[in-house]
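A.B. asks: Chains as they are written, first to last, in the UniProt record's numbering: chain C, 1 to 475; chain P, 1 to 390.
Source of the hints: derived by calculation from the structure; they are not laboratory data. It is possible that part of the hints are untrue.
[To be verified] Cβ-Cβ distance ranges computed for the label pairs, FRET-style:
(1) C:His445 / P:Ile258: 18 to 24 Å
(2) P:Thr57 / C:Gln377: 35 to 41 Å
(3) C:Ser317 / P:Gly97: 29 to 35 Å
(4) P:Glu279 / C:Leu149: 57 to 63 Å
(5) C:Asp399 / P:Ala366: 37 to 43 Å
(6) P:Phe99 / C:Glu190: 30 to 36 Å
(7) P:Gly97 / C:Glu419: 28 to 34 Å
(8) P:Ala361 / C:Ala13: 18 to 24 Å
(9) P:Glu78 / C:Thr372: 46 to 52 Å
[Stated by the list, open to error] Calculated Cβ distances over 12 Å to all of chain P for the following chain C residues:
(10) Leu12
(11) Thr43
(12) Leu149
(13) Asp187
(14) Lys335
(15) Gly339
No experiment lies behind these values; they were computed from the predicted model shown. Glycine included, every Cβ here is placed at the ideal spot set by N, Cα and C.
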Amino acid sequence: MISLPPPKPEILARRDAIVAELHALLPADAVIHEALRMRPYETDGLSAYRQMPLAVVLPSTTDQVAAVMRYCHEQGIRVVPRGAGTSLSGGALPLEDAVVIGLMRMNRILEIDFDDRLAVVEAGVTNLGITKAVEHEGFFYAPDPSSQLACMIGGNVNMNSGGAHCLKYGVTANNLLGLKLVTPTGDIVEVGGDHLDSAGYDWLGLMTGSEGMLGIVTEVTVRILRGPEGARAMLAAFKGTEIAGQAVDAIIGSGIIPVALEFMDKPCIHACEAFAHAGYPLDAEAMLIIEVEGSVAEQDFLLHRIKEICARFDPISLKVATSVEESMAIWKGRKGAFGAVGRISPDYLCMDGTIPTGELPFVLKRIGEMSTQYGLQVANVFHAGDGNLHPLIMFDANDPASFHRAEAFGADILKLCVEVGGCLTGEHGVGVEKRDLMHVQFHPHELDQQRAIKTAFDPAWLLNPHKVFPLTEHA
Amino acid sequence: MSDFIAPADEAGVVAAIQSAIAAREPLSIEGNGSKRGLLRPVQAARGLTTRGLTGITLYKPTELVLSARAGTPMPEIEATLAERGQMLAPEPPDMRGIFGVAEPATIGGLVATNLSGPRRITVGSVRDHLLGIRFVNGAGEVIRSGGRVLKNVTGLDLCKLLAGSHGTLGVLTEVTMKVLPAAEASATLAIAVPDLAAGVKALSAGLTSPFGVTGAALRIDPHGATALLRLEDLSESVRYRGARLREDLASFGDVSLIEDSAGLWRGIRDAEPLGAAEEDAIWRLSVRPSAAPALAAALQAAFGARLLLDWGGGLIWVAGPATEAAHAAVMAATAAARGSFTLFRAPAPMRAALPVMPPEAPALAAIAARVQAALDPFGLFNPGRMRSRP
Ligand SMILES: Cc1cc2nc3c(=O)[nH]c(=O)nc-3n(C[C@H](O)[C@H](O)[C@H](O)COP(=O)(O)OP(=O)(O)OC[C@H]3O[C@@H](n4cnc5c(N)ncnc54)[C@H](O)[C@@H]3O)c2cc1C
Ligand SMILES: Cc1cc2nc3c(=O)[nH]c(=O)nc-3n(C[C@H](O)[C@H](O)[C@H](O)COP(=O)(O)OP(=O)(O)OC[C@H]3O[C@@H](n4cnc5c(N)ncnc54)[C@H](O)[C@@H]3O)c2cc1C
């Protein structure tokens, strides 16, 4: 179980006064302090961990955020930023003595410029909300986490979220131009801008993926892209995970970078098929979903080339979608993968390590062995092109022993990822979940270097102090 | 600079930095170590060059990843990638022409300057393709960030911070890059446009088409301008998209198709069509594309600026007299466009006296000073290179 820094007694003791002072800074309905109404904020997508905060504030302007931050800085009150609370690593988990700043009321789209290919949006606009606002002109915002209906751009920026299409279009960091943010001491600053590559230090790059530890993001300038003429998927099923991995290598080695290249193992195929009836081959050990873009003729041509490559690896089945509908059917199972696993086992942990793609067969074999050893089922779904694994470990939340085994299993998988040359997290972030594993990937002085940069932004360690780093005297 | 240290390995870099700490003597950090013309002149008694740290340490074409020691010359890396049909997608420029030097850039110098070429508009910058680094900080510690995998959000991203930091935060010893397959085919559409404003519109039209344009530059000619749009992909795609795009762009002016345009884009990448005279100063500006025409007009009016536009109008190369007045005009026009600039080439006294990049807001400058102190507590690395220190 995760430990949290001890609350500051002097802050807890002043709770009523703090709530009253926050009321004075914000509109009447923007401060929440009743237990019942704070309940939704006590956890996030990693619901095994819960902690009620001191209070929740829901500002609707950057100035209000700055007023709250200045106040909390002066008073030494800890702050936890929150978007939609879909973090799978406990990134939005509160502290007993912390004020949660929820950005959901900052949900305006401020500017869209198709010619300059950018949009300026507030931090609480949802990921899908951006695409919805520009798709009538054939544009989209590229990073597409599976949670895109709910998760917010401010959360995406702070987690540097990815999605199924980031093999071609990159992750959040590659699709940003600028940020407006409030520093831990309450100053409003802008980094980046509405152009590419500002001279000077890359604050935009450093802030991206900083997990709410360096500032509160209030506005984001994103790049929007004109979509391709069309896209189509194919499905390739193989007799073994190793041979499927070889097919992935062969596709990329041929010089084709598909827009998406997703991998599912047998348990995952079965779970998704039972849920989505997508026509997945149940006798396959591994399955790839491969998507290409372009005109219909270009799609035909590319899919033909990929099919030829896959055919060299003794596939069980190769199914090329012939229409948008068939494409959607192929994707349906994958997109519902988490939900599908959720039907088999209401409780699961979603891991997120990355490995060098060449290590895939070895890593999957080891995960299989560990699954037997821990007596817990696991389903693997995986961004194959970039080596980002999502093993879903199923457990029973009513049985604490089962949860602890699941956590230990997850930790072993992540250690394995680091051992083979990969990392602890490809897109979900460290949060509280992987905090105590950071020493597996980093030396103590490397963690201290990162902490020193956090200190440069947040000298008093008030902003999300319990995330990312193993706890020290700071937090 | 009399004294130059050229360690052969990372341990040597650590040792050099430890003696600099002991002596409290700042170091000038260099890649291929013969250039003094870069940003603000550095006040340092000794130099440290990473040119001795050479060699590709990992190359896995199917994993799209390459690692090399910081001093590895770029031509070596490019040749190794080309053998397997791959490339550094951001198309880093070769600035030897502009600066009249013989030594090629090193991969460490490339990362430290984060200079990207035409393809940046679609595929991202050098820092977007930087997967991992090893560097020695100002306390003499070896620090790693990132790794060798394509997706990694573990901890604060020091790769982004070090990229483009011009050797002021740490000495890179090894870098790992994402590499990509080079396209099978390419072609360029050249559109004769009456003026710069029309040219930027044509570039926008290309970049907002569904055809995946990977280069969008504007060459200014004596009697108008030429908008250049590049397509790169499988040959079938290039042929098809070229024909479609040509139809779409016909309203902007006469369109011609250039089948073999590799040399043309190499020139644009290296800012050759700018045609800067030897005594000219050169600025590199980054702005929102639609702001480019007004900005360009202001600079042409102020000092008859020569111009070359890339990145759909978002990157503006400017050449003009190396004077304070010209620099003031560049700063004012860039500020009006809410853009960014670097004084890219100029005589040393000019670079020492004038800001070589836009000032930072006070709140950010305070954070910058603390971040610098967190990485380089004794102020050893390239003091004053980017900004004069208070
Ligand atoms: C079903 C499901 C599928 C998912 N699929 C993916 C996926 O495909 N790819 C992927 O990358 N992730 C995925 N996620 C994880 C999650 O959706 C992302 O991490 C997302 O970016 C979180 O956004 P959020 O708005 O919910 O942020 P929250 O969970 O509220 O917060 C995330 C972190 O950012 C901080 N934060 C939030 N907003 C701000 C702000 N404005 N300023 C400063 N800090 C802030 C928080 O303190 C926290 O540390 C998935 C989650 C679920 C539940
Ligand atoms: C604003 C600007 C001005 C430029 N001016 C010149 C110039 O005057 N003359 C010229 O020949 N080229 C110049 N260039 C081009 C640039 O130096 C080259 O394009 C190349 O990318 C770097 O070459 P190099 O490896 O020899 O590094 P250098 O030219 O020696 O260094 C370039 C910068 O990177 C830093 N650096 C180099 N190696 C490392 C390392 N291992 N770790 C940390 N920092 C490192 C240096 O401190 C320096 O600030 C300039 C580039 C920019 C962006």
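A.B. asks: Which hint numbers doesn't this structure obey?
C.D. replies: Of the numbered hints given earlier, those the structure breaks are 1, 3, 5, 7, 8 and 13, listed in rising order.
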